[in-house]
Amino acid sequence: AQKITQTQPGMFVQEKEAVTLDCTYDTSDPSYGLFWYKQPSSGEMIFLIYQGSYDQQNATEGRYSLNFQKARKSANLVISASQLGDSAMYFCAMREGIYNAGNMLTFGGGTRLMVKP
Amino acid sequence: GAVVSQHPSRVICKSGTSVKIECRSLDFQATTMFWYRQFPKQSLMLMATSNEGSKATYEQGVEKDKFLINHASLTLSTLTVTSAHPEDSSFYICSARDSSNYEQYFGPGTRLTVT
Numbered sequence: 001a002q003k004i005t006q007t008q009p010g011m012f013v014q015e016k017e018a019v020t021l022d023c024t025y026d027t028s029d030p031s032y033g034l035f036w037y038k039q040p041s042s043g044e045m046i047f048l049i050y051q052g053s054y055d056q057q058n059a060t061e062g063r064y065s066l067n068f069q070k071a072r073k074s075a076n077l078v079i080s081a082s083q084l085g086d087s088a089m090y091f092c093a094m095r096e097g098i099y100n101a102g103n104m105l106t107f108g109g110g111t112r113l114m115v116k117p
Numbered sequence: 001g002a003v004v005s006q007h008p009s010r011v012i013c014k015s016g017t018s019v020k021i022e023c024r025s026l027d028f029q030a031t032t033m034f035w036y037r038q039f040p041k042q043s044l045m046l047m048a049t050s051n052e053g054s055k056a057t058y059e060q061g062v063e064k065d066k067f068l069i070n071h072a073s074l075t076l077s078t079l080t081v082t083s084a085h086p087e088d089s090s091f092y093i094c095s096a097r098d099s100s101n102y103e104q105y106f107g108p109g110t111r112l113t114v115t
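So the sequence lines, in the order shown, correspond to chains L and X. Residue 117 is where the first sequence ends in this note's numbering, and the numbering goes up by one at each step. Residue 115 is where the second sequence ends in this note's numbering, and the numbering goes up by one at each step.
Hint data in this document are derived by calculation from the structure and do not stem from the laboratory. Remember, it's a predicted structure, so these values are computed and weren't measured experimentally. Treat the hints with caution; some may be incorrect.
[Stated by the list, open to error] Which residues of chain X face chain L? A few of them, derived with a C-beta cut under 8 Å, are:
no., residue
1, 34
2, 39
3, 44
4, 67
5, 68
6, 89
7, 93
8, 100
9, 104
10, 108
11, 109
Note that CB positions come from ideal geometry on N, CA and C, so glycine has one too.
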């Protein structure tokens with residue numbers, strides 16, 4: 001079964017508008033971390049934002065915020081005021097067991113965001 | 001900030017040859033490193049977990065004799081693609097886990113093309 005699901009393979013957004021990228025996850029571990037990464041055409045993985053399962057507040061980092069709904073097991077990424085440079089692939093990822101050094105990241109299938117001028 | 005390098009960034013090799021890819025953590029120690037493979041327009045798929053001083057743990061379906069991993073020091077892990085074939089052409093990305101804070105940092109990736 002998929003642990004991380006991103007249901008939007010591709011999305012368009014108008015420059016300067018906000019956009020929400022969906023991510024749902026599945027885990028029985030009470031301790032987990034959720035990540036969002038941006039991958040431009042160069043291929044590098046750029047860390048954007050992190051949310052721990054015990055965090056009380058939604059994470060924010062500049063124009064990025066994470067809409068964490070624990071009961072629904074969703075961790076949507078919201079990008080405000082989209083810029084042309086935001087065009088890229090976006091991956092949601094999860095690590096189970098926050099404090100276990102051996103645990104790896106599991107990635108969703110990704111969403112390609114295209115920002116229109 | 002923590003930096004992970006990969007070398008080479010691009011490599012083209014002939015079918016049947018072997019290729020070594022290096023992953024280095026430049027300013028932190030990493031007892032654990034991860035190797036991912038990414039085909040065009042697809043997500044990252046974990047190939048193996050590399051542990052310093054011990055054998056790597058391979059994911060199901062990944063041939064350990066074909067993808068040799070050596071994690072000989074706290075800052076270096078290598079992935080060797082042996083007897084490469086065109087179907088091994090892919091983008092290989094490593095990540096290194098900082099031993100002090102468990103944060104994971106990605107390298108810039110290596111694009112392998114086997115002709």
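Verification of the hints:
With its C-beta approaching chain L no nearer than about 5 Å, residue 34 of chain X sits inside the 8 Å limit, and its interface hint holds. Nearest Cβ of chain L to the Cβ of residue 39 of chain X: about 12 Å, over the 8 Å cut. The hint is violated. Satisfaction of the interface hint for residue 44 of chain X is found here, the shortest Cβ-Cβ separation to chain L being roughly 5 Å, below the 8 Å cut-off. For residue 67 of chain X, the interface hint is violated, the least distance from its beta-carbon to any beta-carbon of chain L being 16 Å, above 8 Å.
Annotation: residue 68 of chain X was flagged as interfacial toward chain L, and the flag is violated, the nearest CB pair being 19 Å apart, outside 8 Å. The beta carbon of residue 89 of chain X is not positioned within 8 Å of any beta carbon in chain L (closest approach about 14 Å), and the interface hint is therefore violated. Against a cut-off of 8 Å between C-beta atoms, the interface hint on residue 93 of chain X holds, since the closest Cβ of chain L lies about 7 Å away. Annotation: interface hint on residue 100 of chain X violated; nearest CB of chain L at approximately 10 Å, more than 8 Å.
The interface hint given for residue 104 of chain X holds, since its Cβ lies 6 Å from the closest Cβ of chain L, which is under the 8 Å cut-off. Taken as an interface hint, residue 108 of chain X checks out: its beta carbon lies about 5 Å from the nearest beta carbon of chain L, inside 8 Å. The interface hint given for residue 109 of chain X is met, as the beta carbon of that residue sits about 4 Å from the closest beta carbon of chain L, less than 8 Å.
The structure fails to meet hints 2, 4, 5, 6, 8 from the earlier list, while all remaining hints are met.
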